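Given the sequences, and given the hints that come with them, work out the whole structure.
Below are the chains, spelled out letter by letter.
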Amino acid sequence: MAKVLMKGNEAIAEAAIQAGCRFFFGYPITPQNEIPAYMAKMLPKIGGCFLQAESEVAAINMVYGASGAGARVMTSSSSPGISLKQEGISYIAGAELPCVIVNIVRGGPGLGGIQPAQSDYFQSTKGGGHGDYRLVVLAPSTIQEAVDLVMDGFDIADQYRNPVLILGDGMLGQMMEPIEFGQHRKRVLPEKTWATTGWKGDRPRSIINSLFIDPQELENHNFALQKKYDEIMQHEVKVECYHCEDAEIIVAAYGTTARIIKNVIELAKNEGIKVGMIRPITLWPFPTETFVQVADQEYVKAFLSVEMSMGQMVEDVKLSVNGKKPVYFSGRTGGMVPTPREILAVIKSIKGGME
Amino acid sequence: MTKVYEKTSMLTDKPFHYCPGCTHGIIHKLVAEVIQELGVAEKTIGVASVGCSVFSYDYFNCDMQQASHGRAPAVATGIKRVHPDSVVFTYQGDGDLASIGTAEIVHAATRGEKITTIFVNNAIYGMTGGQMAPTTLLGQKTTTSPNGRSAEANGYPIRVSEMLATLNGVAYIERVSVHDIKHIIQAKKAIRKAFEAQLSRKGFSLIEVLSTCSTNWGMTPIESLQWLQDEMIPYYPLGIKKEDGAV
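One line per chain: the protein sequences are A and B, in this order. Just so we're aligned: the first sequence equals residues 0 to 354 in numbering that gives the first Met the number 0. Just so we're aligned: the second sequence equals residues 0 to 246 in numbering that gives the first Met the number 0.
These aren't lab readings, by the way, just hints derived from the structure by calculation. Here the structure is a predicted model, which is why all the values come from computation and not from measurement. A couple of the hints might just be wrong.
Covered, in the sense of this in silico footprint (three residues per stretch, anywhere, with C-beta under 8 Å from a C-beta of chain B), are these stretches of chain A [what the hints assert, rightly or not]: (1) 53-63; (2) 77-91; (3) 189-197.
Every beta carbon over 10 Å from chain A, so not counted as near; a handful from chain B, in silico [as the list claims (entries may be wrong)]: (4) 24; (5) 25; (6) 81; (7) 149.
Where is the CB? At the ideal position from N, CA and C, for every residue including glycine.
In structure tokens form, the structure reads like this:
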């Protein structure tokens, strides 16, 4: 298939359509507006439904209803809007409904700004809403990868009956890159026998619900959820190791930041410093094993987590490295994007401290 | 022996958890009977809300979804857009619909979503133990208006049916009561008309049912029915607020 040049947000929307998503409920917020605009234009032409909800709260609850009714459904928003969706996301996780949620992250807290950021890592991976639940969090670093992850994301959601979050950022949403559709390897998926489609007595009555008033029942429900999360941790970790062999400093970075690090690695090489990168593609499940294995290598002297935040993923890096090697942090935030030169300076100072 | 009465198959055999004197049971029965009599049970999907009726998914014998507080109309919208030929209803109390869920009900109504909302108004939060609701009458004592609701401190009770009747997307709205046999029969007719409006794809329909809460009103069931008649109906007048999409 020929490559097409597309803007990140539009490519994400097109990928969803190609993955069979026919229902989209959203609410305007920058910098993700091209996703609903694309859906509004395309979905009615192919028998789908785009609906602009009265709020992000309503949108995520429409997703709950549509998913419970058996549809492939998506919503997208940006940071403050994702905060508003958290109650609904918790219900969706509790009721075990599949859907894809896209967060094109902007700087926070509060109304924050509209430029790219990675400051929603905690919210995405540590349960932004209430209760013990997990989202599968996919963090693309190119538009092609965003397309592939969105398409697989729908399958992951259906396979595990769990919400999947695509964590992009303003940079990824707004830039254009050549991409190719149709590379997606489809999974074998279970039938949605649990969906509310109208009860004719030919199956148990479908009830979409997250209420378990008996504490023992609720604990059992949580045990079942945890079992599912364990399975996801076992089978769905995605990670890229880039130039990790022989590297003395390992940078941990994801999304847009990871692209910048690839340039930093070249710059460092020219200065005689061997730098590698571990790039988590799934932020949850976090690629802990990869960090453990790399931290065990003699030649690895230090880790550096580089983020467009004040230091969020660095906590998972520290937990994974578990004191075996020092872990440093470097971050810009509020919509500021770090330059390769400033990250190189941090690496040189870490290197200097090692000598 | 001739069978003169049979419980509708649209209700399960699960015993209601409602308090003695509460009229939720009557309203459940009316809704269930209408769905059965219209012959649409197999394509009906209900949405339970948060409050005393949260467990209604255990009672209505059809596919059900349980929605978060106030969001039932949004959940119902999602269902109806996926299955446009289904019959979708929400069953919501006054705390759920008239307070936290105002945005969702207003916009479902103005979009003309082809859903039916059963709005049970008992002028108080029941499940949480008798707090002031947006529908609590002036002077009415609750745990959060211990001296009685005052207009100055708490504003005025909201008349949802009249408010929603101003919206173009609405096909049918009626306020009914279930405090005596005559009104129960009238309520059932209204509920039927609301579902018929949905079936003929005219738009959004809502039936507001004035209901009792003996437990949190601190009255006997008999006193409650009297209080509903004497205090609630004068403020919440019964009748059709909108029919066939005309105010």
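Taking the hints in turn, this is what the structure says about them:
1. 53-63: Held - the region 53-63 of chain A has 9 residues with a Cβ nearer than 8 Å to chain B, which meets the minimum of three.
2. 77-91: holds (count 3)
3. 189-197: holds (count 3)
4. 24: It holds; residue 24 of chain B is separated from chain A by about 19 Å at its closest Cβ, greater than 10 Å.
5. 25: It holds; residue 25 of chain B is separated from chain A by about 23 Å at its closest Cβ, greater than 10 Å.
6. 81: Residue 81 of chain B not clear of chain A: closest Cβ-Cβ about 4 Å, inside 10 Å.
7. 149: The assertion about residue 149 of chain B holds, with a minimum of 30 Å to chain A.
Checked against the numbered hints above, the structure breaks only hint 6 and satisfies the rest.
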